[in-house]
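Chains A and B supply the protein sequences, listed in that same order. Heads up: the first sequence begins at 1 in this note's numbering, then just goes up one per residue. Heads up: the second sequence begins at 1 in this note's numbering, then just goes up one per residue.
To be clear, the hints were calculated from the coordinates, so they are not data collected in a lab. Hints are not guaranteed to be accurate.
Covered, in the sense of this in silico footprint (three residues per stretch, anywhere, with C-beta under 8 Å from a C-beta of chain B), are these stretches of chain A [said to hold, decoys possible]:
1) 15-23
2) 52-58
3) 154-163
4) 214-224
Note that beta-carbon positions come from the ideal geometry of N, C-alpha and C, so glycine has one too.
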Amino acid sequence: MIRLSIQARQALAKLTLPVLIGVAFGLMLLGKADALLAERARMALADALVPIYATLAEPFGTLRDGIGSATDLWDIHAENERLREENEHLRRWQSIALALDAENQRLKANLRWIPDPAPSYVTARVVADAGGVYAKAVLLSVGPNHGIRKGEIALDERGLVGRVTEVGARTARVLLITDLNSRIPVTLENSRAHAILIGTNGPRPRLIYWPEGTVPQEGERIVTSAEATAFPANLPVGIVHYSTTNIPELVPAAMLDRLEVVRIFDYGIGGIVPPEAPNRLPERRGR
Amino acid sequence: MARIDQAPGIRPPLTLGRRLDIAARHAFPAGCAILLMLLAEAPLGITDQAALLPAVTLACVYFWSLFRPAAMPPPVVFLIGVLFDLLAYLPLGVGVLTLLITHGLALRSRRVLTRQGFLPVWFAFAGFAAGAAMLSWALTALLSFRLLPLAPALFQAVLTTALYPALAILFTGAHRTIADPERA
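Sequences and hints are given; from them, build the entire structure.
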């Protein structure tokens, strides 16, 4: 070790903090200049942590379920009544849907309709919230040889969740449709008019840029649009709801605050780069 | 560690076990901070859990910078900051700068604050929490070139302040017992 005088050592000790603050500014510039570096470091860290979180998820889940079932016991009777009613309602709809499906098949057969190819998908468990304070995203635990690529589409059992923005060795990060950086081309189902769905970081994203004259109706279903070939057409996204300030918002069909399992679909489309999350660059070729 | 033996008094010889003991006690604040940070990111299933990580990190850095700065030197704060940036998905450097400034200001106000009771220290921490939330909000907005909503930053400041007493009880206990190198 180099011997230093006491004065020199004290001076060095005093210098550490200003120098490190300078390095922090340098780190900011570095993060801005090479966004891929931060992304790689994040995914490496996530790869290391995901097994731990996946193990922890089980006892935490059991605990939550235990508390949940205890409170469920209180209103089990009312819940039963409600479910019976809903079941009857759904049965009626099921018969209508079956009839319509049969008619649709018949019409398509007459029109020589080319059917859409069935997309391949993988199912993955959501292990952690990966958004931080200023973003909405989730981290998925996927197997080592998953074959998931950026830009693939995540759905839960009810509707659109988001898109894959980062892929690690054992993890994938999905940017939710509620994120501030999310922009999704959508179709209003009744009027077939196009609009853009923008995330606000709140629970309900907003609709903008609908054509003049076709205002989104309260309760209207919103589906994805195939425009710009970023999404396949007609994936359910949610329904329109007007906020108190009279802005058309969307109530997402997917349960974005309680995601447990999502399916990642590969529709084989890549017409547009994945959403530009803060500090992210588009994917390099050959990865 | 050499500093300890310069103080007058009688103490057992520095065997390997005792050296390890002292080193472990020195490493406790940083280790405890990192463990709490990883735990704050675990899937607890709480809504708005994202604000838990900045709250825990800031409380750790503030408390140990104030009461045991030897165990929380600037390089350690820097490393905790990098880990924080990676875990919190902030632009690289934002958490590092916030924590280093917190550390520096806590060191400056050390002579005044450590003589006070719990309440003044907590009130001072409320100021630190608000300042840190605003600074990281402004830096994140600047680095991503867009105006971010202010509500999450306010919530973060409030949660950080509210969580401090619980963590302070834990840390004060540790400060007097397992984190004290004098007791090795």
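Each hint tested on the structure:
1. 15-23: holds (count 5)
2. 52-58: holds (count 4)
3. 154-163: violated (count 0)
4. 214-224: Answer violated; 0 residues pass the 8 Å Cβ test.
Checked against the numbered hints listed earlier, the structure breaks hints 3 and 4; every other hint is satisfied.
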